[in-house]
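From just these sequences and the hints, can you work out the full model?
Under this note's numbering, the first residue of the sequence shown carries the number 2, and numbering increases by one thereafter.
Since the hints were made in silico from the structure, they are not lab data.
C-beta: ideal position from N, C-alpha, C; glycine also.
Take the hints with a grain of salt, since some may be wrong.
As a list, the in silico DSS-like pairs of lysine-lysine whose alpha-carbon atoms are at most 25 Å apart [stated by the list, open to error]: (1) 79 / 91; (2) 171 / 16; (3) 72 / 42; (4) 42 / 79; (5) 8 / 171; (6) 171 / 42; (7) 36 / 79; (8) 79 / 99; (9) 72 / 99; (10) 72 / 91; (11) 42 / 91; (12) 171 / 36; (13) 72 / 36; (14) 12 / 171; (15) 99 / 36; (16) 72 / 8.
Here are the simulated distance ranges between beta carbons [what the hints assert, rightly or not]: (17) 116 / 187: 49 to 55 Å; (18) 188 / 153: 45 to 51 Å; (19) 164 / 56: 17 to 23 Å.
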Amino acid sequence: MDLAYIKQNAKLLEKYRHINVECMDWWDYIYETFKEDMVEKGIAVDRMFFSGFWSQGDGACFEGEIDDIGKFLNTNFKYTDYPIIRQLVKHNGTVTMKCSHRGHYYHENCTVFSMDSDSFYALWQQPTEMHQHVVRALDEALGYELVVFEEEVIEIFRNYMRELYQRLEKEYEGLTSDDAVAETILANDLYDDMEGE
Numbered sequence: 002m003d004l005a006y007i008k009q010n011a012k013l014l015e016k017y018r019h020i021n022v023e024c025m026d027w028w029d030y031i032y033e034t035f036k037e038d039m040v041e042k043g044i045a046v047d048r049m050f051f052s053g054f055w056s057q058g059d060g061a062c063f064e065g066e067i068d069d070i071g072k073f074l075n076t077n078f079k080y081t082d083y084p085i086i087r088q089l090v091k092h093n094g095t096v097t098m099k100c101s102h103r104g105h106y107y108h109e110n111c112t113v114f115s116m117d118s119d120s121f122y123a124l125w126q127q128p129t130e131m132h133q134h135v136v137r138a139l140d141e142a143l144g145y146e147l148v149v150f151e152e153e154v155i156e157i158f159r160n161y162m163r164e165l166y167q168r169l170e171k172e173y174e175g176l177t178s179d180d181a182v183a184e185t186i187l188a189n190d191l192y193d194d195m196e197g198e
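Rendered as structure tokens:
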């Protein structure tokens with residue numbers, strides 16, 4: 002029995018169409034590589050969820066947070082973007098964004114975000130009166146930047162969630178393709194079902 006002959010048997014292929022995705026961990030490789038990719042972008046991913054791949058509400062999302070704000074800024078923005086936030090980071094301050102899943106579906110819009118930030122005032126040890134005026138001005142400018150930054154970060158996170166879904170969908174389609182199913186049938190001697198046809 003050869004692969005080409007198995008691939009010509011539509012009934013056998015359909016019988017075993019989902020054999021490669023019936024195991025509980027077919028997505029583990031996608032999850033692991035996605036987590037590694039996010040670390041390179043300054044995001045720590047804790048948990049991932051998805052549903053797919055045939056309904057309108059299908060998608061993927063993750064829970065996690067920005068754990069390296071410097072790396073996140075450098076990966077996702079031009080070096081001239083968010084100068085006040087970059088100054089905060091330069092002086093050992095940080096900005097964090099946490100993302101959690103919410104609801105019954107698993108797509109990028111089923112998430113909630115919370116942002117937290119240090120202030121310049123908290124970073125400055127016993128500022129003089131003049132320094133206090135500077136620090137207040139910096140914190141006010143920081144507040145304006147953070148509003149825009151939060152909106153952009155949420156969209157970046159959601160784009161990464163869409164990317165996760167695309168990776169999962171591509172893997173699923175590959176594992177359920179005629180080629181992959183035929184190879185599994187051949188490797189596991191499941192073509193005995195063809196006898197008598």
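Checked hints:
1. Restraint check for residue 79 and residue 91: the C-alpha separation of about 16 Å stays at or below 25 Å, so the hint holds.
2. Taken as a hint, the residue 171 and residue 16 pair is honoured in the structure, with Cα atoms around 21 Å apart against an allowance of 25 Å.
3. For a cut-off of 25 Å, the pair hint linking residue 72 to residue 42 stands: about 6 Å separates their Cα positions.
4. A hinted pair counts as satisfied when its Cα atoms are at most 25 Å apart, and residue 42 with residue 79 qualifies at roughly 14 Å.
5. Annotation: proposed proximity of residue 8 to residue 171 holds, straight-line Cα distance about 20 Å (limit 25 Å).
6. In summary, the hint linking residue 171 to residue 42 is supported, as the alpha carbons are separated by about 22 Å, within the 25 Å threshold.
7. For the hint linking residue 36 to residue 79, the alpha-carbon distance of about 23 Å falls within 25 Å, and the restraint holds.
8. Between residue 79 and residue 99 the CA atoms are separated by roughly 22 Å; this keeps the pair inside 25 Å, and the hint holds.
9. Restraint check for residue 72 and residue 99: the C-alpha separation of about 16 Å stays at or below 25 Å, so the hint holds.
10. This hinted pair checks out: residue 72 and residue 91 have alpha carbons roughly 12 Å apart, not beyond 25 Å.
11. At most 25 Å may separate the alpha-carbon atoms for a hinted pair to count; residue 42 and residue 91 meet this at roughly 18 Å.
12. This hinted pair checks out: residue 171 and residue 36 have alpha carbons roughly 17 Å apart, not beyond 25 Å.
13. With a C-alpha separation of about 15 Å, the suggested pair residue 72 and residue 36 falls inside the 25 Å cut-off, and the hint holds.
14. Proposed proximity of residue 12 and residue 171 is supported: the alpha carbons are some 24 Å apart, at most 25 Å.
15. For the given pair, residue 99 sits about 15 Å from residue 36 by alpha-carbon distance, which is consistent with the 25 Å threshold.
16. At roughly 47 Å between alpha-carbon atoms, residue 72 and residue 8 are farther apart than 25 Å, so this suggested pair is violated.
17. Checked against the hint of 49 to 55 Å, the pair residue 116 and residue 187 passes, with Cβ atoms roughly 52 Å apart.
18. Between residue 188 and residue 153 the Cβ separation comes to about 47 Å, which falls inside the hinted range of 45 to 51 Å.
19. Here the CB-CB span from residue 164 to residue 56 is close to 20 Å, well matched to the stated 17 to 23 Å.
Hint check: a violation occurs at hint 16 only; the rest are consistent with the structure.
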